[in-house]
Amino acid sequence: MKIVLDRPRCEGHGLCEEAAPELMHLDDEGELVLDREELGDADLAAAGAAVRVCPVAALRLA
Amino acid sequence: MTDSTPVSDIDLFDDAVLVDPYPSYTALRALGGVVRLPANDVYALTRYDVIRNALGDWESFSSAGAIGFNPMVNEALTGTSLSSDPPVHTRLRATLTANLSPRALRGLKDTIDAKADALVGKLVAEGSFEAIDALGRALPLEVVADLIGFTGHARDNMLRWGQAAMQVIGPMNRRTAESFPIAGELYAWCSEVTAGDLAPGSVGRGIFEAEARGDIPPNTAGHIIHQYLGAGVDTTIASIGNLVALFAAHPDQLALVREDPALVPAAFNEVLRYWAPLHAWGRRATRDVELDGVVIPAGAKVAILFGAGNRDERHYDDPDAFLVERNPVDHLSFGYGPHGCAGQGLARLEGHAVIKALARRVERLVVGAEVRVPSNTTRSIEELPVLEVIPA
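So the protein lines, in turn, are chains A and B. Following our numbering from start to finish, the first sequence increments by one per residue and tops out at 62. Following our numbering from start to finish, the second sequence increments by one per residue and tops out at 392.
Chain B with its partners taken away, still in its complex shape (with noise of 0.2 angstroms):
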């Protein structure tokens, strides 16, 4: 039997491609829009048509039981419209995305320009700070907290949990092994969560009154909850970090956006195109699947490789230049179709609050060296001193 599917000795998971997976990610374009990873057991999806096509046909790419790199995340996972297929998928995402959707959260955005612009107003005055700590994970955190309502122990923890539940859906090597414990926390106290422990007036305890009144089904509302804060912090504060420093290394693309305010949403499509805040995700094919002349067998398993598709040069010209006037608004960072990112909106209105703010108080961020470490999910920065800021 002759087999012409291209084949990789890269490891996805390997911590130097982790931290910088783009020179694997152009290796793995040039062999084919599908390569398979013995190293990962997986048929990895590489190019943009590829990647888009497969992310809208769930029929043959399963999420079933299949997001994740390790069987013991995929059990946790079950029963969650992440990890589900229509029509079970279409219920569950409905529930999920009913306090979620761009029309719920029309009322936040005032409040979010607002925290945004005080915070990055703060950090100008002080004029030196580190952008991880200060900006990329203080913004998501508070309005996270404040949307769910989360306080005491749950708002401590916020962060230990996001980046653990994040952690476990890579195979199971250290990092996977050192989390679960961590993730297990939250869900612990995701099963455990009453309307009495979240804030009155959030969305958190609006979910938990949908329940009582028979709106969503029993005990779904702790689930729900655990998804918004297992999906929506650790990718959020990923994407506000790497916009810090895109515009810090890029102030001429910083320049565009002062000049023309209406880049705004422009400029965070492309942040999220240049640098995708997730690595891999899975899905299992259903039935044997020709895509690009290579058949995909049935059973297999598959992983999603956003970034690789974002800098595909079939799709987007010159993909490696940093260019906010490109407004690739149709990027593969929130995925695409039926499962793409539920929290897109709430992603859009911090993004844009936090390039608003920048815009309109920084003419140019001088940084030092990004700190970066290999983490299996989520791509993000560690730290990121601010050494100066030149004010607007």
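The following block holds chain A by itself, in its conformation from the complex (with noise of 0.2 angstroms):
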């Protein structure tokens, strides 16, 4: 499974940053950077957190 993010809808919010830390960071600018896309079982639960929190639905899992 992987991550995807619709790039244009991000506003830098960073709830997915705090339900995924592994997974995304916001950097010194505030843009997000998907650290891992390509996610192992190990990854799901937080990831399924991620696209969860978004409060503007820009990410999803495909």
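None of these hints come from the bench; they were simulated from the model. Computed from a predicted structure; not experimentally measured. Don't take each hint at face value.
As the list claims (entries may be wrong) - If we take Cβ atoms under 10 angstroms as the criterion, some of the chain A residues that face chain B in the derived model are:
{"no.": "1", "residue": "10"}
{"no.": "2", "residue": "54"}
{"no.": "3", "residue": "57"}
Claimed, not checked - Label pairs and their computed distance ranges (CB to CB):
{"no.": "4", "chain 1": "A", "residue 1": "29", "chain 2": "B", "residue 2": "385", "range": "41 to 49 angstroms"}
{"no.": "5", "chain 1": "B", "residue 1": "387", "chain 2": "A", "residue 2": "35", "range": "46 to 54 angstroms"}
{"no.": "6", "chain 1": "B", "residue 1": "106", "chain 2": "A", "residue 2": "37", "range": "22 to 30 angstroms"}
{"no.": "7", "chain 1": "B", "residue 1": "125", "chain 2": "A", "residue 2": "31", "range": "38 to 46 angstroms"}
{"no.": "8", "chain 1": "B", "residue 1": "19", "chain 2": "A", "residue 2": "29", "range": "50 to 58 angstroms"}
{"no.": "9", "chain 1": "A", "residue 1": "42", "chain 2": "B", "residue 2": "321", "range": "41 to 49 angstroms"}
We put the beta carbon where it would ideally sit given N, CA and C, even for glycine.
Got two chains here, separate frames each, mind docking them using the hints?
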């Protein structure tokens, strides 16, 4: 599975980083960086939580 | 033809319902996730999953000409990001959030923290105060005025303009009729405002500079400023007033934040979940949509009840309890999806700053009875006397 970011939609609210700090972070400019897009089974819970908390629905699993 | 759609005679904009909608919300949720309300000519969305799915599905639930509950306001909102669908919405939203996203606001956190702490420190020293004016209104008015660069006449009118802009979103009742002229003052001012009316270095001035450079379309700066004031003042005032009242009523929950300041964001999420600042927000079904076993017919008006979804026992355990450790990060009070509150980053900065300051400086607030007056769109406390502060 992959985590997919709709870049134009992302406004940098940062709730995903709190839900899944091992998978993504906001850089110094406040832009979201996906540290790992390809997900292993162990990542699915955190990735799902990150998708769920994005307030503007900019993340999805594919 | 048989129609199994649940129906209720509840009027969402009845005075008693507006003052305390939660018993009505419980009754509506029990009837179904979608309930037809003939009094308001809407299909109300009442349960968490139904609301969240609808907010994410802009293709089935359009915002175009459908946000408000009377034709005049929907006409007036035409052409705003609030009242449009992708792809037009995507461009308008980007213009609106360029100066409002968390990344644009990063430099503001320390300033807002300092303002909130100074204000709370002064009030604690005074020992008794009216919390809505002295804190709930004072902080957002100062933050938004400084951010956008309002001075003089505009600054003096921010509160009444902001209240009226929300009030007119309701149905054409007395409150709406009385508020239209005031909302019109804001609209007229925003149509005529120029860069020179806004403080140098402010975001408002920056929006006019962006227009002059051609970075945003001609004649959009005034509209953006209109939306900042229309959407960003009354709602934040509501949530700050609410958090003071909730921490006064639940000193054990304030004690938890005092012991662990890392709970501040969780506590603000819980304040927003527990008392949603907005009652109802409109959409229109673009096709026959089946939700929760009910078919909402194409063209029907839909009312999204954020506060009802936030208390859905199918989604939150013990939903009528105020528990700061719950951290309901997925609450519905900012909406969700493409139209999710554009100002939520600023709202969080303000809410977190006030909770931090209260947790640092206050052990307990002794309050008198809160006064509420019915309001079409924003649910807020009108007066909250703090009779005594037990300082930290």
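Structure-based check of all given hints:
no., hint, verdict
1, 10, "holds (9 angstroms)"
2, 54, "holds (9 angstroms)"
3, 57, "holds (4 angstroms)"
4, 29/A to 385/B: 41 to 49 angstroms, "holds (45 angstroms)"
5, 387/B to 35/A: 46 to 54 angstroms, "holds (51 angstroms)"
6, 106/B to 37/A: 22 to 30 angstroms, "holds (25 angstroms)"
7, 125/B to 31/A: 38 to 46 angstroms, "holds (42 angstroms)"
8, 19/B to 29/A: 50 to 58 angstroms, "violated (45 angstroms)"
9, 42/A to 321/B: 41 to 49 angstroms, "violated (34 angstroms)"
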